[in-house]
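Chains as they are written, first to last, in my numbering: chain A, 1 to 74; chain B, 1 to 74; chain C, 1 to 74; chain D, 1 to 74; chain E, 1 to 74; chain F, 1 to 74.
I should point out that these hints are in silico values taken from the structure, not numbers from a laboratory.
Here a beta-carbon is modelled for each residue, glycine too, at the ideal position from N, C-alpha and C.
Hints may contain errors.
[Unchecked claim] Chain B regions said to be covered by chain C (calculated; three or more residues, Cβ under 8 Å):
(1) 3 to 9
(2) 18 to 25
(3) 32 to 46
(4) 52 to 65
[Said to hold, decoys possible] Each computed PhoX-like pair below joins lysine-lysine, with the alpha-carbon atoms no more than 25 Å apart:
(5) B/Lys64 <-> C/Lys35
(6) B/Lys64 <-> C/Lys64
(7) A/Lys35 <-> C/Lys35
(8) E/Lys35 <-> D/Lys35
(9) F/Lys35 <-> D/Lys64
(10) D/Lys64 <-> F/Lys64
(11) E/Lys35 <-> A/Lys64
(12) F/Lys35 <-> B/Lys35
(13) E/Lys64 <-> A/Lys35
There are 6 protein chains.
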Amino acid sequence: MPYVNIKITREGASTEQKRQLIEGVTQLLNDVLGKNPRTTCVVIDEVDTDNWGIAGVPVTELRKHPPSWLESGD
Amino acid sequence: MPYVNIKITREGASTEQKRQLIEGVTQLLNDVLGKNPRTTCVVIDEVDTDNWGIAGVPVTELRKHPPSWLESGD
Amino acid sequence: MPYVNIKITREGASTEQKRQLIEGVTQLLNDVLGKNPRTTCVVIDEVDTDNWGIAGVPVTELRKHPPSWLESGD
Amino acid sequence: MPYVNIKITREGASTEQKRQLIEGVTQLLNDVLGKNPRTTCVVIDEVDTDNWGIAGVPVTELRKHPPSWLESGD
Amino acid sequence: MPYVNIKITREGASTEQKRQLIEGVTQLLNDVLGKNPRTTCVVIDEVDTDNWGIAGVPVTELRKHPPSWLESGD
Amino acid sequence: MPYVNIKITREGASTEQKRQLIEGVTQLLNDVLGKNPRTTCVVIDEVDTDNWGIAGVPVTELRKHPPSWLESGD
């Protein structure tokens, strides 16, 4: 009966990509722990970049001026 | 000082229905555990059906092709 | 497919009281929104009173010196 | 590697105010526990006042008829 | 900068199994959305079976008397 | 009526440090948004290092072999 919550920034994830996340994490819980997919629940939250911060700075600002320690693809 | 988070799919819950959820769960915590309603906080999250998955499939697809194991009314 | 998370302070809720919370909130979601109990998931978190604060003060301290604005039974 | 989730009612917090929350809570975790800002993640959720309840009543209604026990500024 | 929270019942997941969950979901977010593993954070919560309910019944009871609609392996 | 959830690894935060987090974040919400401390609720979750992962690796392993990109104090 697992419950999984995935939070990502709202930056254009497609319906197909979200479907792949749901399918993939449900499969992972079945593979690793034998959890029943029928009782595995996945919720994806997409969060505005103004509302997500790392290193004390909103992601909106990090996207404009990416610091060197933060690699691309994050 | 309970905190309750209710997550449902965004499929048209009305303001009145959400009021009933808030009232009902606050009453339940008072009835069962004697919790003070004034410090009971309820937050309802409505989640897009593309962003909610069960059995590895987004709810958007389950609504179109409901599997037999999933009863109506869910 | 609702998911409900109930957070309460760890102050001796019994197994029977927790059963009543699970049963009651599942029934509430069925009554108000017609949600299927079989896909309704409830998780109760019991939190140490040192780790829960209200009005900027840990509940451990509020229990020793309850402020007048905070009624009994909370 | 702290993760902080701040939930507030959606009542007009500005981008600058949200930036201050992100900066302030990241600094707090550094001051109190020595946590590295680069691995401190903050997510702010803004919740509709119909979807937030206290004392069993949605905030939308509390705003119209504020009870005496609830001070202004909340 | 994804954040993933996995909730499972506390029924003996090993350190190695939890490592596989952390590795697998981080890889999934990299594969599907190109998310940087260095800023992907995973938190696993293990919940007592008395504190987790489905179909209005605590998992502790479901384990003793599994209903026919709930397959094994969940 | 803010609700704040702070998740940290369980690595010896003291009762006094947790009190400072509760006090500090409540003050921050009052300073930035004018939120009433009496309805500000803070919950701190301490998570075992086996159950927290970053970069696809449990914190337990990162503590033994800290990667160069991860600064001390995290």
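Pair hint outcome, E/Lys64 versus A/Lys35 [Cα-Cα no greater than 25 Å]: 17 Å, holds
Do three or more residues from the region 32 to 46 of chain B put their C-beta atoms closer than 8 Å to C-beta atoms of chain C? Since three or more residues must qualify, the claim that chain C covers the region 32 to 46 of chain B holds, with 7 doing so at under 8 Å.
Can you confirm whether the C-alpha distance between F/Lys35 and B/Lys35 stays at or below 25 Å? Distance of about 23 Å is within 25 Å: holds.
According to a criterion of three or more residues whose C-beta lies within less than 8 Å of a C-beta of chain C, is the region 3 to 9 of chain B covered? Coverage by chain C holds for the region 3 to 9 of chain B (7 residues, Cβ < 8 Å).
Take the C-alpha atoms of B/Lys64 and C/Lys35, compute the straight-line distance between them, and say whether it is at most 25 Å. The given pair, whose Cα atoms are some 17 Å apart, holds under the 25 Å limit.
Satisfaction of hint between F/Lys64 and D/Lys64, Cα-Cα up to 25 Å: 56 Å, violated
Is the hinted pair E/Lys35 and D/Lys35 satisfied, with a Cα-Cα distance of at most 25 Å? Answer holds: E/Lys35 to D/Lys35 is near 23 Å, not above 25 Å.
Cut-off 8 Å, C-beta pairs, minimum 3 residues; does the coverage of the region 52 to 65 of chain B by chain C stand? holds (count 3)
Mind checking the alpha carbons of B/Lys64 and C/Lys64 for me, to see if they're no more than 25 Å apart? Between B/Lys64 and C/Lys64 the Cα gap is close to 56 Å, so the pair fails against 25 Å, i.e. violated.
Going straight from one Cα to the other, do E/Lys35 and A/Lys64 come out at no more than 25 Å? 17 Å, holds
Check whether the Cα positions of F/Lys35 and D/Lys64 lie no farther apart than 25 Å. It holds: about 17 Å lies between the C-alpha atoms, which stays within 25 Å.
Please count how many residues of the region 18 to 25 of chain B have a CB within 8 Å of a CB from chain C and say whether that reaches 3. That given contact holds, which follows from 4 residues of the region 18 to 25 of chain B lying within Cβ reach (below 8 Å) of chain C.
Taken one by one, the earlier hints fail for this structure at numbers 6, 10, listed in ascending order.
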